[in-house]
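Student: Here the protein sequences come in this chain order: A and B. Residues 1 to 877 (the numbering used here) are what the first sequence spells out, left to right. Residues 1 to 199 (the numbering used here) are what the second sequence spells out, left to right.
Rather than coming from a laboratory, the hints here were simulated on the basis of the structure. Cβ coordinates follow ideal geometry from the N, Cα and C atoms, glycine included. Hints are not guaranteed to be accurate.
Listed next, the stretches of chain B that the computed footprint assigns to chain A, with coverage defined by at least 3 CB atoms under 8 Å from CB atoms of chain A [stated by the list, open to error]:
1. 2-14
2. 22-31
3. 58-71
4. 145-157
5. 175-184
Given next are the chains, with one letter for each unit.
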Amino acid sequence: MGQDSPIDEKLNAVGVKEDDEWVVTSCNACFNICGIRVRRKDGRVVDVKGDPDVPSTKGKICGKSKARIADLYNPNRVLKPLVRTNPEKGIGVDPGWKEISWDDALDIVVEKLRKVREEDPRKLVINTFDLCNFHIAQMFAAAFGTPNDQFYTVTCGNGLHTIFYQTIGAINSEIDLAHCNHIILCGSQLGHGVNNNPIEAIADMAEARRRGAKLVVIDPICGHAAAKADEWVPILPGTDGALALGMVNALVNELGIYDAEFLKKKTNAPYLIGPDGHYVRGGEDEKPLVWDAAEGIAKEYDAPDVGDFALEGEFEVDGVKCRPAFEVLMTHIRENYPLEEVSRITTVPVETIRHLAKEFGEAATIGATINMKGETLPLRPSTIEWKRGASHHKNSWHTCLSLMLLNTMVGNLNAPGGLIGTNPHGPFNYWNMFPGRDGMLTTDQHTKLFIGMDSFACFISPYPPREVSPPEHLSLRELLPVTGFIPIMPIFTITDPEKFNIPYKPEVMITCRTNPMISVPDPEKVAEMLKALDFIVGFAIKIDETLEFADIILPEAHDFERYWFFPPNAPAGFQKPGPGDWYYQIVQPVVEAPGEVRSWIEVMIDIADRLGLLAEFNDVVNVGTGLLMIDGLALEPDRKYSVREICMRQAEMFAWIADKEVTPELFTPEMPVLNLGEKSLEESYPSPMNDARAPIYMEQLIDVGKQVEKVTRELGMDWWDVSSYNPLPTWTPCPAREDTDEEYDLFLTSSRLALHSHSVSADNPWISDICSRNRLDYNILLNSETAAEKGIEDGDTVCVESRTGKVKGTVRLTECIHPQVVGTLGGHLGQWAGQKAIARGKGVNHNALIAFDWDMVETVSGQIDTCAKVKIYKEGD
Amino acid sequence: MARYGMVIDLKLCIGCNACTMACKAEHGTQPGVFWGRVLEKEWGKYPQVTRLFMPVLCYHCSDPLCVAVCPTGASHKTEEGLVLIDYDKCAGCRACIANCPYPARTYVSKRRFYFPDTEIPYGKRELLRHEGVVQKCDFCIERLREGDVPACVEICPTSCREFGDIDDPESEVSRLIESRKGFQLFPEKRTDPSVFYVK
């Protein structure tokens, strides 16, 4: 027999009491919140499994979730507060950490915060991606008096969320896989371990494939989704919008396939457009007009007696020549996106574009219906879905609108078999999608999810456009009046506040659970931002590349050691859309935190208390969470509450709303979730049962673009581009594509693996061990023919170089990549932080090759482009 | 007596490696040791390319060559059709590895940890204490005895693995083998594996 390990000896020495329990909680290995049970045995976590009683994931989890045990017991975790002794900051500079007591650390933090609060509270910025605990940043910021709580450094896609809000009324999209027969994924691996609510999507995709559903994947890389597809369509990065417009052209103009009924009643396709691009308005309320083809006269869009909404033709209303938006759009697409041109842009052959459109349109079974719960709903079992790969370009807004047009044309929005939003209606009408200004789809989710404020986390309502004014937020939301998501603008505005007319200089940053040095392009630019700040407080599980710039490090708890706000799985993003139950999970600790580790949420409350802001903080909690609504649940002004107390009060509140009770067996294996009952049909498939209209023509952009132009010019910001404020979807090339220098001859792109998420998974030893053994994972991918032209062989050490940076790695020759593309496969790799014993030096840092300059920013949605042109050569050449 | 077996649907496996991870967590295998994993292969010419993900493990053969060649009797067959290793008897001669046609077995010369001198907790730590032995998949025999399916079957998000009694013609595994023309790997080796693939 072998010897006891050092851990065994420790356990034996302290005589840990015998215990063995499965604790109900939720996983945070990625941003999705899968229900799990974690087994604690003798005070240690020994296993993780999916919770069989969680309605969506039904007992399944992914490999990342299992691997969290290894994160918990990483010996490089920070266990005590640390203070920096080296005033010099930079990439690779040793901060000279010195241990310090919690009291001393908090004294330093509180003194800095008190000083900026007295000078100008806006100088504080909170940078966090503790996604479903967004409350703590918002509540602390509100109590403190800073607007700068909205700084994520994840970049899922500004255009993506914005367009989803306006068309399907929710943050995110999924496919109704239970009914869909024809699935097109574009820059997305939905149902293959990556993307939204991934576990249920994998199961549903597998079931759809068992049923015989066809899968087409459009992607420069034949990743895991494309590998499983019936058809892989390689495409050049950044051209998905052009392909979509080409497909719409083929679908509508060539084949005449579109859901006229849907377009007439659920979109602004029949709205009459005048020569100036605006809606032609009329009636007392100046409502947009439509042409009633039955009577040959114009009527208000919501007139009850429109016999037939004209979609085509030219009309005259009060002497003004006008055409329906559908006709304007289709003419625009016919003239500007002929298939030959689209093929030239995308490299997708004309015949492929045609058959993609034809199969998509035919599979949509326009006119078909399905009976559900006694109602007749449209059945549209054909959907195109996209995520970051398509959205993450300077043309983000228009690309996402163009892709969405395919779904809109076949009328599948929020319909059985179609693209469904992540719960456009909240439980018990908590929030809703509804017809707003001009009858267009509007959501009040933002205000309802964080009561009393107009946003939650980085998400803001994009419609109707917000007022344009000189910037006060570091996110520049005042100058981005139609975006629905602004995560990373502060990297620009902290570095150079004067350039953006920010009326103060950001000085102090609190950062937790996000790592901009790795997760956004160009680490040198992020380093400039970090160095521009006077003082950084970092909460750390491990000290990452961003935290190496911190002045004080506070040890943060693992999710198996802390409570979260309730619920972790807000239905706005993390409960399966479509039919099913409303269910609320919990995050609760499984084991005690080691050393002097504390949950950052508790520490932030502690800091609020030390700043004398407890009453203000509790007040914001009461309003923001809704606890104020119910007698006896609201927090008292001057008492400091634990996160557990707040969490349980929130659970009480949700139970009360559903006329249920929180009993002792709730959140145990006997009753792991608070189930609020089955969704109604309207909550499952909102659009067919709702009058809100989705846009095919973004009329609001005309006026709001002019306002942005006026305000930016008054501020002397003549360089602020307003050219994308165009109501018609257009495709524009990424800045990288406009770089025609033949030296940089290839495009750069990446593909993610199911075992990776954000920048944290790379330092997990089990994940690293598995991925390092796969031929393609972690390596540089190059098409074998391209490699042959360059004299590069499989396994060579190569350099990939752009105008921004250079990385070195092992090249793998493959047929699974577009010949004009260099790819990386994995996640955020090439990390260098001293404490990352596992991740350090593994794989290549993709983001080091991408520019982070203002000309990469699309100023409608605020999206930063992630395209780069690169060259590849053997090391030493 | 039942004969435990598994059917893996290659059409559904997405290569997510959740099974590889579950196996590692279940058995606490050391760095570089995988009792189950997913192999990848591509063929064809761009853009007409096929990429296959193929989960592999011990096939628990009816006529296992490893048992036939084991000089100490460490590798043995159980009544339920499992091929197991008695780690107390294994002398580490590796004759089994030389004769097994499948990528199932790993020789572990010395105990190693993912973190220096630090063991990550897991359920069955006694296994790791053996050095100089050959290790492999045991179909999660402890789980089977508690009425559970193997860890790789439980976790698989696509449910592409089915586990059961392949001697029972009414079982789901038998039904799948029958209806989807289940095949064994390297049938010419005449080992009669208990793991079947369908595609």
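Student: Please list, smallest to largest, the hint numbers that this structure does not respect.
Tutor: 3 and 5
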